[in-house]
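Protein chains in written order, with numbering that gives the first Met the number 0: chain A, 0 to 505; chain B, 0 to 505; chain C, 0 to 505; chain D, 0 to 505.
These are computed hints drawn from the structure, not numbers from a lab. Hints should not be assumed to be uniformly reliable.
Copies of one chain are not kept apart here, so a pair can be met inside one copy or by any two copies together.
Stated by the list, open to error - Simulated crosslink set (SDA-like; lysine to any residue; CA at most 25 angstroms straight-line):
#1 K232 with R410
#2 K232 with T206
#3 K232 with G387
#4 K202 with R152
#5 K202 with V383
#6 K202 with D144
#7 K232 with A461
#8 K202 with V257
#9 K232 with T476
#10 K202 with V86
#11 K202 with R108
#12 K232 with H477
#13 K202 with D151
Here is how the chains run, residue by residue.
Number of protein chains: 4
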Amino acid sequence: MPEERKETPEHPGPGAGGPAGARDAGLMSPIRAGTPVEAALTDEAWLSAMLDAEVALACAQARIGMIPWSSADAIAASARGWRCDPVMLARRAREAANPVVALVQELTREVAGRYPDAADDVHLGSTSQDILDTATMLLAAHALDLISDDLDRVCSALEGLAERHRDTPMAARTLTQHAVPTTFGLKAAGWLHAADGARQRLKALRTELPVQLGGAAGTLAAYHEYATLDGVKGRNGESAALELMSVFAEEVGLAEPVLPWHSAREPVARVCCELAVMAGVLGKFGTDVQNLVRTEVAEAVEPGAEGRGASSAMPQKRNPVLSALLVSAALQLPSHATVLLHCMAAEGERSAGAWHAEWQPLREALRIAGGAAYTAAELAEGLVPLSGAMARNLALTQGQIVAERLVVHLRSAVGKAEAKRHLGRIAASSAGGESFACAVRADPVVRESLSPDLLDEILDPAGYQGAAGELVDRALTHHRLHTRSASEAAAERGGTRPEPCERTPQ
Amino acid sequence: MPEERKETPEHPGPGAGGPAGARDAGLMSPIRAGTPVEAALTDEAWLSAMLDAEVALACAQARIGMIPWSSADAIAASARGWRCDPVMLARRAREAANPVVALVQELTREVAGRYPDAADDVHLGSTSQDILDTATMLLAAHALDLISDDLDRVCSALEGLAERHRDTPMAARTLTQHAVPTTFGLKAAGWLHAADGARQRLKALRTELPVQLGGAAGTLAAYHEYATLDGVKGRNGESAALELMSVFAEEVGLAEPVLPWHSAREPVARVCCELAVMAGVLGKFGTDVQNLVRTEVAEAVEPGAEGRGASSAMPQKRNPVLSALLVSAALQLPSHATVLLHCMAAEGERSAGAWHAEWQPLREALRIAGGAAYTAAELAEGLVPLSGAMARNLALTQGQIVAERLVVHLRSAVGKAEAKRHLGRIAASSAGGESFACAVRADPVVRESLSPDLLDEILDPAGYQGAAGELVDRALTHHRLHTRSASEAAAERGGTRPEPCERTPQ
Amino acid sequence: MPEERKETPEHPGPGAGGPAGARDAGLMSPIRAGTPVEAALTDEAWLSAMLDAEVALACAQARIGMIPWSSADAIAASARGWRCDPVMLARRAREAANPVVALVQELTREVAGRYPDAADDVHLGSTSQDILDTATMLLAAHALDLISDDLDRVCSALEGLAERHRDTPMAARTLTQHAVPTTFGLKAAGWLHAADGARQRLKALRTELPVQLGGAAGTLAAYHEYATLDGVKGRNGESAALELMSVFAEEVGLAEPVLPWHSAREPVARVCCELAVMAGVLGKFGTDVQNLVRTEVAEAVEPGAEGRGASSAMPQKRNPVLSALLVSAALQLPSHATVLLHCMAAEGERSAGAWHAEWQPLREALRIAGGAAYTAAELAEGLVPLSGAMARNLALTQGQIVAERLVVHLRSAVGKAEAKRHLGRIAASSAGGESFACAVRADPVVRESLSPDLLDEILDPAGYQGAAGELVDRALTHHRLHTRSASEAAAERGGTRPEPCERTPQ
Amino acid sequence: MPEERKETPEHPGPGAGGPAGARDAGLMSPIRAGTPVEAALTDEAWLSAMLDAEVALACAQARIGMIPWSSADAIAASARGWRCDPVMLARRAREAANPVVALVQELTREVAGRYPDAADDVHLGSTSQDILDTATMLLAAHALDLISDDLDRVCSALEGLAERHRDTPMAARTLTQHAVPTTFGLKAAGWLHAADGARQRLKALRTELPVQLGGAAGTLAAYHEYATLDGVKGRNGESAALELMSVFAEEVGLAEPVLPWHSAREPVARVCCELAVMAGVLGKFGTDVQNLVRTEVAEAVEPGAEGRGASSAMPQKRNPVLSALLVSAALQLPSHATVLLHCMAAEGERSAGAWHAEWQPLREALRIAGGAAYTAAELAEGLVPLSGAMARNLALTQGQIVAERLVVHLRSAVGKAEAKRHLGRIAASSAGGESFACAVRADPVVRESLSPDLLDEILDPAGYQGAAGELVDRALTHHRLHTRSASEAAAERGGTRPEPCERTPQ
């Protein structure tokens, strides 16, 4: 019988107590909570990247002579260390449908307070989209670098697994059923090769991320007008505005586009598609691990850590949390790609909604993908395959797993089709009672064609691996070739990359 | 020529400076920045709702006699005012793939520190999913209430527009071309009727949101075992665990499900689908407004506010930002629904990934939809239709817009098909030079059939509104009927709703 | 060494040989190939439904006196048995972006040839969208009826499974790991309850499918004008065009909408969302079956049929093809819903693209969902659960599966948290060697608290089913209640439904 | 009053009359109805491609000596001209969840009937997925070729438009509002550059499409076993099965993968992503055209053809049907990409559902994308820009469109920020009455800074095109460079591509 309660608990309604600036720090998105990529994509990071874009634009304009260096320096000095509240900006962003309008007002005020002469040179000739798109590409580039680093770890760990288990036999499963034998090395090589592909394409894409510069509607008109008014000439007789595009790209370290891309959004859509492909690759890895650690299969163990995989109810539980997180990422990424693909059908010189719909999905895609790469590295580095359990499961069907091999060897005697039918009948009739292997050994048709010794050899699953080992070697060779050339290319690139914001020679 | 620069600006790399707990406060999602629904769905709100669920569970267990009221009171007192860091929890959530495991540890520690005897009654017999799903439904219910309130405002404002402009003529456009006349009232009535439908369905859905209670794997086993061990009996001879489900639902004010729904995720998927439908309805409203405010059309003006719609480049700009935000929401919502639909194919008694993929998309869906409802209310309440411009545009095709009406009147003379062909020829040949109306008036076939006076009448677009006015009346009547019955129903409900956490009589 | 080849085989390039009217009959979509819903959604079916809509419109117009009955009869007689080539229409549909324009031309020609006086009354006052949307709703209604019938079979079969296996114990799995025991009956009851919900909602939705009638731009203007010109009055003083909407709805057996919905597309989006929810429900069923038939689990067998589940390579294979098809459907449906949700943001009185994007995804959604319901019925009716294997797997963790229950019983002695930690340690240390149950029996802490007899009882997994049986009963009761009320409602409806195309009394 | 009706029309229920093999020939998908890509992707085409794969596999096996050439020739001769009913196969595909099992049975029967000795060499060592995936890649390659050809036409037409209208001034619109002037040439150059990018990437992707060869579970085991049994050795000491992979790739003209990719589905996902990007590019083109042809804008006309764009209701209508179809394609493609991305998380060596879910979405994606490319070519080649209307609209805001330019020129006098505010005020106050240009000319601040002559120059919109012309030149140069290198590369490739099915030298 319930006792009397002493006091009425006052539990506030849901959501109550949320402070004014309360935020999302990953509580409902564990795949990325606390990972480097999360920290790289906060509102503060976006704000900082927008300031970087404004500073780089001023530097580029100073380099080509559109504004004095004193202005560029003043703008850089003002932006440096300046704290602008992202919550305030976020709310003012509702007025202009983007945060740059308010940011430019605040930055101009800051510069005007410290360097009055420079205030008029802030955001000169520019438009919100030049700044926001450039900032977004800077953050995407940074996130892709972090992701690439984690994919390097993933590949390196999987390379080790593939190599060490090149010849470890296990059951291959198709449509959830034991099919024929394979090796754990080939499974790992498959994960490796797919991760390798995703890694290479993300690295290639990263170098193509373009700077944005178009002015109010993609004609560079105000940049051109200011330059013309001040008698600034571009290189080779072209408009100074075109040179500005090139120098701006150098300043921020992004690629120079052929045209402004205010409403030509392939660069954004493509990044998101590649992230979704990568999430799919890691989702396949996670799905496979889940099936290996399943209680009844138990052919691998996820890396352990204190408290890892605990349940709030059951003491014995060691849940496969890393693979679950990878699967959760693969379920989310495709949808973000879909949004970005829809946003490509942008109207006119700047869309009224399609551009604005891009930002949050792209951010989510980058941080979920980043979290997935980080998680996959942890999983690949710590995954423990259990070859004993693999061998035990390989024997589970008592020989049925090599039924295809028996067909090969009976074909010359009874024909392929009849051999397949005959073994199908043996498999069906031996389902409940005696083992398939015994039934095969006792079968008159088989006995007539195959000697007991040969039959023993054929019925050994470990002997039916086909070209698995050679396929592992192919994948390893391919991986090493690409990894080496990437390193070499990076080393070569190292020496020649232009210093950002460098002074033009006098 | 560029001057020399005095000092090297040090602008840090993108993302640098992001503090450890840096977060997402809506900077990249202006549709919801600073809106009530955003504050209702922060990490802190989720944390608070999870505590609400733990407290309500304890109260429910006290009500049926599973634990003493002293424990329930102690847990409630401990949870009240307790500050648990969501960033810390978010990071520990990576270890268990959900935040409840760590939350229960921390809450137990807190209770143990203040009321040692009650610590063992925290989360008694429960599982992470009971707490997290219940918290999620509490937040969804709260968000749906906020959304319903904003949709009430939307409907009320559109009702006024439809009524005031019942007979204001304007051009209907199909496939971007002037088709026949319509009225602004009918357009507003269409927005109203669609918003009304979305509102009603969200309100209905809100009352169906279920509590979650299943225990480790949906059998209520530990609840049942504790109750049995303590000799607690349920009502009518059923297990006390079933009564617990019912009392728990009362405590939190959610519906009692027939079965635990750990891996039967219709409730979550359905909420997200309805939110996407609502976003589509408001996206259609936003799309229409965009086309009315288009420079060349100029038949309406978005509500103005200081700084609203400003450009960072162009002084004359008053961008239609509210409608742009509505369109941006409609582009994002469907994808979140897709994720939730995919997550329905959950494996076994709890999926390893599909459940975990739900939380963030559902949160995004709720806050974007909430932001859209809030924005739509602002737009609907302030939208200014310009009947003069509508009349001017109606005359733009110089009569072609009533060509269909001419067919009706020429049919008896020349047959419908020939009338249509004949007028098509007149329209085609008058494209460049004289007006269609003049050409029609001069046409021998027309002159033979229709008197000049009748022709004048026919050619007046304002006279060809069909049943537009009556359709507006239908929509208004339908709206008022539903609004009244909802109010009445709410009033009746008011008196009978059980007080949450009420004491069982002694 | 390869021999010489006698002649060069000429295999034509891919796709060669495709005849002019070559088509898609389901070869790449086995989920629906040859099912009733496929036949109900062919191009011919759409063509036939469009003719039905034209005939019903003429009948409705005759009923209210807008056209003579002789015309309606002539149009009906011409449409009946008339063969119009859908391939030709499909190609001409590219000219108008919809097939109705060409269809009306052809039908008018057909009528003119047989009943010259009636030709002018074909499609009178109408617009393409009135016909196409009405046809689509007719087909959707028919498809939903077929789907409902198959869901009836699904529910009926699952009801039997739940009832027969109410108390059959098996392991519950969470995150792929054995959690606590459950029953196969509860699993089946979960499938039943979800299928039941989907079935009820689709049936409800089917009765709400609206007819479309709006005229050129949703004002009913030409209908109104023709009626006015002929002095036809509507009921109760309203426009005859409004009465036409009502009578047309009766004629085709669809609901009468409050407003024309040319660019208010909730009806279409909602159908697709519900189909996706249903596919998710059946996808969960399929996913669960896959995990039961997995070689290592083997707790169920899919219904067998000659050749069912065969592999082209392996003789022993019996692939779980029905569940694989269900999973394939659940992967496809959400995306079609996404398209329909995106199409809601339609511009003006008829969109230029969004309407046109709806048709094929809706068709795909209906036929895949229909195929899934058909397949699920086959699977549910033939699924063979294997209770022996379930019992064997329940013992696999040698007692760990009831570790939670041990916590319940040790709590009073050592506290809940310590009991959980202690059992966690035993589970971890017994992983490799002796069984968990032996370790528990030998543990001093346990021995001190629990007698050997009680321990035996606790360690029996079959004894720890919580309220599973009662939950099964709840689901069965709920199902039967809803099924009965639906039958009763149908019986009552039976007598009152208006005969379509009935003659108005003279 | 309605007359009496003579007879009851019997219109059959919807869907009635659908013959047994009734199909989908594009009636509900006008974007692709009757286009070459549709004919290339029929069920018959898939069937034919699967036979091509079987024949090529036999040829490859003959080339390396695994089977006699007589068998390969017999299989090729049997497949050639053989008619297998796709409807029958589609239905039998439900039994195996794929059509290959039944196809192999039928083909084997066909071969056995004509060349008994060769029957055992049909599908030797192979698995369904080797055949179906290879066939799918063959069809994808063929479809990509057709698409590339149409994109060539698109680019060529847009090149002409960009060149001819390099300096044709028009209003740029951002967020639906006039922003600053641009040129039609730059708009066309933007379409060109995006189409160019899509084209290049699809061409690159086409060369990477891999053949599939893995055997039952990706180890090539049966191929290896047959070769070993017959003493066939591979090149360089590797397994003959690896050589088979290489020779098979040559035979069908697809790329040789590093590993079998039965459950590593990037190739498929990537194709679909690129198709979606292409559809987005063309959707942007379509969206822009829609806005140019809008009644109030009227700056362009879609290519006319007899009956093109007709309405079933309104005689005057010339609907922009080509752009509407492009928009409808862009709305559908992203969702198909989503499905393919979800399918990447495939389990084990062959998934039970994810593979099966790929086929129909990929087919839909290919044929909708192909229809879009075809339609875009028609639109680009026939689009008529109207420079007179562009000039007229440019003047619509009476000077506001160059307000940004006025800021540039007033900056030195009053400061940039003040100039922007000042012009904003003038724009706001001149909204209703006198023109902005007049107000500017009369404004004392302006008059003080700018001479009347300079003001005239500044206020001429045609003079404020920024670097538009130079940007057009950049895009044209880039396009021509890429087009030339592609042609050259193709020419070089021409001479060296290996003849498919070539005889190995004796």
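query: So which of those numbered hints doesn't the model satisfy?
result: Those not satisfied are hints 2, 3, 5, 10 and 11.
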